[in-house]
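Visitor: Here is how the chains run, residue by residue.
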Amino acid sequence: MITLYHYLILGGFLFCIGLYGALAKRSAVAVLMGIELMLNAVNINLLAFNRFLNPGEVSGHVFAIFVIVVAAAEVAVGLALIINIYRDRMTTQLDDFDWLKW
Amino acid sequence: MTSTIIFWLIAIIIMGSALMVVLLRNIVHSALFMVVTFVGVSGLYVMLQADFLAAVQLLVYAGAIAILLVFGVMLTVRGDIKYSNLFNRHKLTAAVVSLGLFLLIEKIILSSDLIISNKPALESTVGPIADAMLTDYVIPFEAAAVLLLVAMVGAILLARGEGKPQ
Numbered sequence: 055m056i057t058l059y060h061y062l063i064l065g066g067f068l069f070c071i072g073l074y075g076a077l078a079k080r081s082a083v084a085v086l087m088g089i090e091l092m093l094n095a096v097n098i099n100l101l102a103f104n105r106f107l108n109p110g111e112v113s114g115h116v117f118a119i120f121v122i123v124v125a126a127a128e129v130a131v132g133l134a135l136i137i138n139i140y141r142d143r144m145t146t147q148l149d150d151f152d153w154l155k156w
Numbered sequence: 149m150t151s152t153i154i155f156w157l158i159a160i161i162i163m164g165s166a167l168m169v170v171l172l173r174n175i176v177h178s179a180l181f182m183v184v185t186f187v188g189v190s191g192l193y194v195m196l197q198a199d200f201l202a203a204v205q206l207l208v209y210a211g212a213i214a215i216l217l218v219f220g221v222m223l224t225v226r227g228d229i230k231y232s233n234l235f236n237r238h239k240l241t242a243a244v245v246s247l248g249l250f251l252l253i254e255k256i257i258l259s260s261d262l263i264i265s266n267k268p269a270l271e272s273t274v275g276p277i278a279d280a281m282l283t284d285y286v287i288p289f290e291a292a293a294v295l296l297l298v299a300m301v302g303a304i305l306l307a308r309g310e311g312k313p314q
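Protein chains in written order, with the numbering used here: chain A, 55 to 156; chain B, 149 to 314.
In case anyone wonders, no lab produced these hints; they're calculated from the structure. Remember, predicted model here, so these are calculated numbers, not experimental data. Take the hints with a grain of salt, since some may be wrong.
[Unchecked claim] The list that follows gives simulated cross-link-like pairs (lysine to any residue, SDA-like), each with its CA atoms no further than 20 Å apart:
hint, chain 1, residue 1, chain 2, residue 2
1, B, Lys-230, A, Met-144
2, B, Lys-267, A, Leu-107
3, B, Lys-239, A, Asp-149
4, B, Lys-255, A, Thr-57
5, A, Lys-155, A, Asp-142
6, B, Lys-267, A, Thr-57
7, B, Lys-255, A, Phe-67
8, A, Lys-155, B, Arg-237
9, B, Lys-267, A, Pro-109
10, B, Lys-267, A, Asp-150
11, B, Lys-255, B, Ala-243
12, B, Lys-239, A, Asp-150
13, B, Lys-239, A, Arg-80
[As the list claims (entries may be wrong)] Chain A stretches covered by chain B per the calculated footprint, using a threshold of three residues with CB under 8 Å from any CB of chain B:
hint, segment
14, 62-76
15, 94-100
16, 117-124
17, 133-146
Cβ coordinates follow ideal geometry from the N, Cα and C atoms, glycine included.
Model the full structure from these sequences, guided by the hints.
Guide: And the structure:
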């Protein structure tokens with residue numbers, strides 16, 4: 055029998071993998087991928103809570119839709135920033151983005 | 149039981165491909181495994197009886213966002229593609245932090261007692277979502293619409309570059 059806890063732990067695992075990707079990767083695009091994984095983990099949690107704690111309503115679904123909207127906006131702006139920086143610096147490695155220190 | 153087997157199958161696919169996203173060295177392979185992860189998560193939504201969200205997940209994540217990321221890779225990668233997705237020097241610290249966070253989350257989840265409701269899930273969620281979006285959540289809905297518009301205009305402006313009239 056699959057309970058709420060299975061879904062929550064799966065979501066937690068996915069979140070931690072995404073966090074690892076966001077923290078430990080050199081490429082800015084890979085960091086964006088890690089953030090997408092984290093947002094997906096949050097969505098799994100929202101829908102699992104909705105299904106098991108309050109299945110007669112859809113508030114969890116609505117929250118998940120807003121998370122997806124924000125994720126789409128974030129990845130579009132993030133990639134535009136990366137492309138713009140790439141044009142200036144010819145690199146997407148985060149260690150090279152060091153305008154503010156010298 | 150069938151649903152248990154399907155859950156574990158989907159869970160293994162999600163966890164394995166998410167690990168591949170992080171661990172592979174070729175960023176294009178990472179992007180492809182990310183599509184697998186998104187499709188797996190969509191299957192999980194089907195198991196949670198969130199039919200609309202499963203379709204949205206496939207369209208927006210596996211369709212749009214993954215393609216956008218592949219575009220980003222195509223437009224920016226230089227040098228050898230085989231080593232385009234390496235770890236930085238915080239690899240070990242990040243592993244310890246993530247593992248610690250996972251253990252903490254797991255401990256908190258397992259020690260919490262949640263009141264499971266036995267009501268049956270909704271037959272179809274599309275209608276109720278539309279009702280909720282246009283009544284209780286109408287202001288967040290409009291704010292999200294404006295946010296998407298602003299983000300898209302901003303992304304176009306940023307990606308086009310400045311100072312070049314076109």
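Visitor: Hint by hint, note whether the structure agrees.
Guide: Here is how each hint holds up against the structure:
Taken as a hint, the Lys-230/B and Met-144/A pair is honoured in the structure, with Cα atoms around 18 Å apart against an allowance of 20 Å. For the proposed pair Lys-267/B and Leu-107/A, the alpha carbon gap of about 9 Å is at most 20 Å, so the pair holds. Distance restraint check for Lys-239/B and Asp-149/A: the Cα-Cα separation of roughly 14 Å lies within the 20 Å cut-off, and the hinted pair is therefore satisfied. With a C-alpha separation of about 16 Å, the suggested pairing of Lys-255/B with Thr-57/A holds against the 20 Å cut-off.
For the hint linking Lys-155/A to Asp-142/A, the alpha-carbon distance of about 17 Å falls within 20 Å, and the restraint holds. Distance check on the hinted pair: Lys-267/B and Thr-57/A sit about 14 Å apart at the alpha-carbon level, within 20 Å; holds. Between Lys-255/B and Phe-67/A, the direct Cα distance comes to roughly 12 Å. Compliance with the 20 Å bound is thereby established for this hinted pair. Between Lys-155/A and Arg-237/B the alpha-carbon distance is near 18 Å, which keeps this suggested pair within the 20 Å criterion.
Distance check on the hinted pair: Lys-267/B and Pro-109/A sit about 6 Å apart at the alpha-carbon level, within 20 Å; holds. For the proposed pair Lys-267/B and Asp-150/A, the alpha carbon gap of about 54 Å is over 20 Å, so the pair is violated. Note on Lys-255/B and Ala-243/B: the hinted pairing holds, with a Cα-Cα distance of about 18 Å set against a maximum of 20 Å. For the proposed pair Lys-239/B and Asp-150/A, the alpha carbon gap of about 17 Å is at most 20 Å, so the pair holds.
At most 20 Å may separate the alpha-carbon atoms for a hinted pair to count; Lys-239/B and Arg-80/A meet this at roughly 10 Å. For a cut-off of 8 Å, the count of residues in the segment 62-76 of chain A with a CB near a CB of chain B stands at 13, and the three-residue condition holds. Counting residues of the segment 94-100 of chain A whose CB falls under 8 Å from any CB of chain B gives 3; the rule of at least 3 is met. Counting residues of the segment 117-124 of chain A whose C-beta lies closer than 8 Å to any C-beta of chain B gives 6; at least three are required, and the coverage claim holds.
For the segment 133-146 of chain A, the stated coverage by chain B holds: 11 residues have a C-beta nearer than 8 Å to a C-beta of that chain, and at least 3 were required.
Violated hint: 10 only; the structure is consistent with all others.
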